[in-house]
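Chemist: Order-wise, the sequence lines are chains A and B. Last residue of the first sequence: number 116 in the working numbering, and the count goes up by one each step with no gaps. Last residue of the second sequence: number 112 in the working numbering, and the count goes up by one each step with no gaps.
Please note that the accuracy of each hint is not assured.
To be verified - If you want the ones that stay clear, here's a sample from chain B, every Cβ over 10 Å from chain A, calculated:
{"#": "1", "residue": "S65"}
{"#": "2", "residue": "S73"}
{"#": "3", "residue": "D84"}
{"#": "4", "residue": "L90"}
{"#": "5", "residue": "T110"}
As the list claims (entries may be wrong) - Derived lysine to any residue pairs resembling SDA-like cross-links, with alpha carbons at most 25 Å apart:
{"#": "6", "chain 1": "A", "residue 1": "K58", "chain 2": "B", "residue 2": "G3"}
{"#": "7", "chain 1": "A", "residue 1": "K58", "chain 2": "B", "residue 2": "Q26"}
{"#": "8", "chain 1": "A", "residue 1": "K58", "chain 2": "B", "residue 2": "S95"}
None of these hints come from the bench; they were simulated from the model. Just so it is clear, the structure is predicted and the values come from calculations on it, not from any experiment. Cβ coordinates follow ideal geometry from the N, Cα and C atoms, glycine included.
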Amino acid sequence: AQSVTQLGSHVSVSEGALVLLRCNYSSSVPPYLFWYVQYPNQGLQLLLKYTTGATLVKGINGFEAEFKKSETSFHLTKPSAHMSDAAEYFCAVGRQGDTGRRALTFGSGTRLQVQP
Amino acid sequence: ETGVTQSPTHLIKTRGQQVTLRCSSQSGHNTVSWYQQALGQGPQFIFQYYREEENGRGNFPPRFSGLQFPNYSSELNVNALELDDSALYLCASSSGTSGGQFFGPGTRLTVL
Chain A
1 AQSVTQLGSH
11 VSVSEGALVL
21 LRCNYSSSVP
31 PYLFWYVQYP
41 NQGLQLLLKY
51 TTGATLVKGI
61 NGFEAEFKKS
71 ETSFHLTKPS
81 AHMSDAAEYF
91 CAVGRQGDTG
101 RRALTFGSGT
111 RLQVQP
Chain B
1 ETGVTQSPTH
11 LIKTRGQQVT
21 LRCSSQSGHN
31 TVSWYQQALG
41 QGPQFIFQYY
51 REEENGRGNF
61 PPRFSGLQFP
71 NYSSELNVNA
81 LELDDSALYL
91 CASSSGTSGG
101 QFFGPGTRLT
111 VL
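Extracted from the complex, chain A is given alone in its bound form:
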């Protein structure tokens, strides 16, 4: 069984400040981990993914995340927030292997607000 916990349903930062969105996962098998972003009234866009190899993963729009097995975490960061980063962010876990054919388990999401 797999599960995802996103700490903080709402996060507010000032423009130019560090963004940190927290994600902890539970998985009985080695996980694949994903971050998706959802803008209002839109579907989900893949930001980045961890499958195997390097634990620091870089994604689009300046975001990155680090897989820490010992902490079962996959926190999302961005050094400097931009107004356009305001959106809902979802962390998801899938099973290693053929992830295209495995269901993703999502967290409940974190809404990021960016203040001018």
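Once you have looked at the hints, place chain B on chain A.
Modeler: Coordinates of chain B only, in the frame set by chain A:
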């Protein structure tokens, strides 16, 4: 390259009716997954189709059913609609590699 498309974008139905939602997968993708996203929640897995066969199902009742066609497009059918079925229904396609799933814009279903 065409991304994942879904139709219709919005739909209003009354309780007890039936609905069909459609999804066209991204070019080269042979797997389609459907998710239900209730307001303020993360997506919940409904089921997945691979090469026209159901390839896994989440905790949804049998009145949620689906199809996948030879061109890998897919339908989600929901019978006997209930008020709690009101949600954004997301379709995601993938190619069976570690590249992840790519989502369409969703269909917003409102059940009155």
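Chemist: Honestly, which of those hints from before does the structure not fit?
Modeler: 4
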